[in-house]
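Engineer: Hey, can you work out the whole structure from these sequences and the hints?
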Amino acid sequence: FASHFAPDALMQALAVYRERFKPSEQLAAPYAMPGINVVAAETDAEARHLATSLQQRFVGMVRGARGKLQPPVDDIEQYWSPAEKAHVSGMLRYAFIGSPETLKRSLGAFVRETGADEIMVTAPIFDHEQRKRSYELVAEVAADLKR
Numbered sequence: 003f004a005s006h007f008a009p010d011a012l013m014q015a016l017a018v019y020r021e022r023f024k025p026s027e028q029l030a031a032p033y034a035m036p037g038i039n040v041v042a043a044e045t046d047a048e049a050r051h052l053a054t055s056l057q058q059r060f061v062g063m064v065r066g067a068r069g070k071l072q073p074p075v076d077d078i079e080q081y082w083s084p085a086e087k088a089h090v091s092g093m094l095r096y097a098f099i100g101s102p103e104t105l106k107r108s109l110g111a112f113v114r115e116t117g118a119d120e121i122m123v124t125a126p127i128f129d130h131e132q133r134k135r136s137y138e139l140v141a142e143v144a145a146d147l148k149r
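In terms of my numbering, the sequence shown opens at residue 3 and continues consecutively.
Hints listed in this document are in silico derivations from the structure and should not be mistaken for laboratory results. Accuracy of the hints is not assured; some may be wrong.
[What the hints assert, rightly or not] Under the rule of at most 27 angstroms between Cα atoms (straight-line distance), these lysine-lysine pairs were calculated in the BS3-like manner: (1) Lys70 / Lys134; (2) Lys87 / Lys70; (3) Lys106 / Lys148; (4) Lys87 / Lys106; (5) Lys148 / Lys134; (6) Lys24 / Lys70.
Structural biologist: Spelled out as C-alpha cells, the structure:
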C-alpha cells in the first residue's frame, strides 16, 4: 500500500485487505507491504536537513507546482506557510526521518502498529551518495529489527 503519499488510508486499506483476503496458490495468508518514505543519516539533524527536499516536494504538490526534487534548505520554516506545514506534515505522517537509533524506534513501532510483513522504502534525497547511504542505514536498521 502506498502509505508514502496516502497515509490517511493505510490502516483502513490494511484492514480491508486482511478481511477480504482469499488464499491462492501464490499466497496462503495476507502479506502486507506498506510503502514509506525514509530519510536516514548519521544524525537526526542531518536527516532532518536532507528531508527538507521531501518536504519541498510535498509543498509543491499542495501548491500545484510539481517538479524535480530540490536540494535541501537550511530553514524549511521560511519555505512553507503554517497551513502548508500542517498539510504536508499530515501527508508525511508515515515518513521516517532520523539516525539509525531513531529509526529503530519509529520503524519498529510502525511495523508493530501495521503488522507489516515487509516495508517498501523510498528515499527522496537530493544527493545521490547521501541517498545511497540512507538506504544502507535503513538496511542495517531493518536487519536489527529482524533480530
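Engineer: Would you mind marking each hint as holding or not holding in the structure?
Structural biologist: Structure-based check of each hint:
Proposed proximity of lysine 70 and lysine 134 is supported: the alpha carbons are some 18 angstroms apart, at most 27 angstroms. With a CA separation close to 20 angstroms, the supplied pair lysine 87 and lysine 70 stays within the 27 angstroms bound. Restraint check for lysine 106 and lysine 148: the C-alpha separation of about 11 angstroms stays at or below 27 angstroms, so the hint holds. Simply put, lysine 87 and lysine 106 have alpha-carbon atoms about 25 angstroms apart, close enough for the 27 angstroms limit, and the pair holds.
Simply put, lysine 148 and lysine 134 have alpha-carbon atoms about 21 angstroms apart, close enough for the 27 angstroms limit, and the pair holds. Only pairs whose Cα atoms come within 27 angstroms are accepted, and lysine 24 paired with lysine 70 is rejected, the gap being roughly 40 angstroms.
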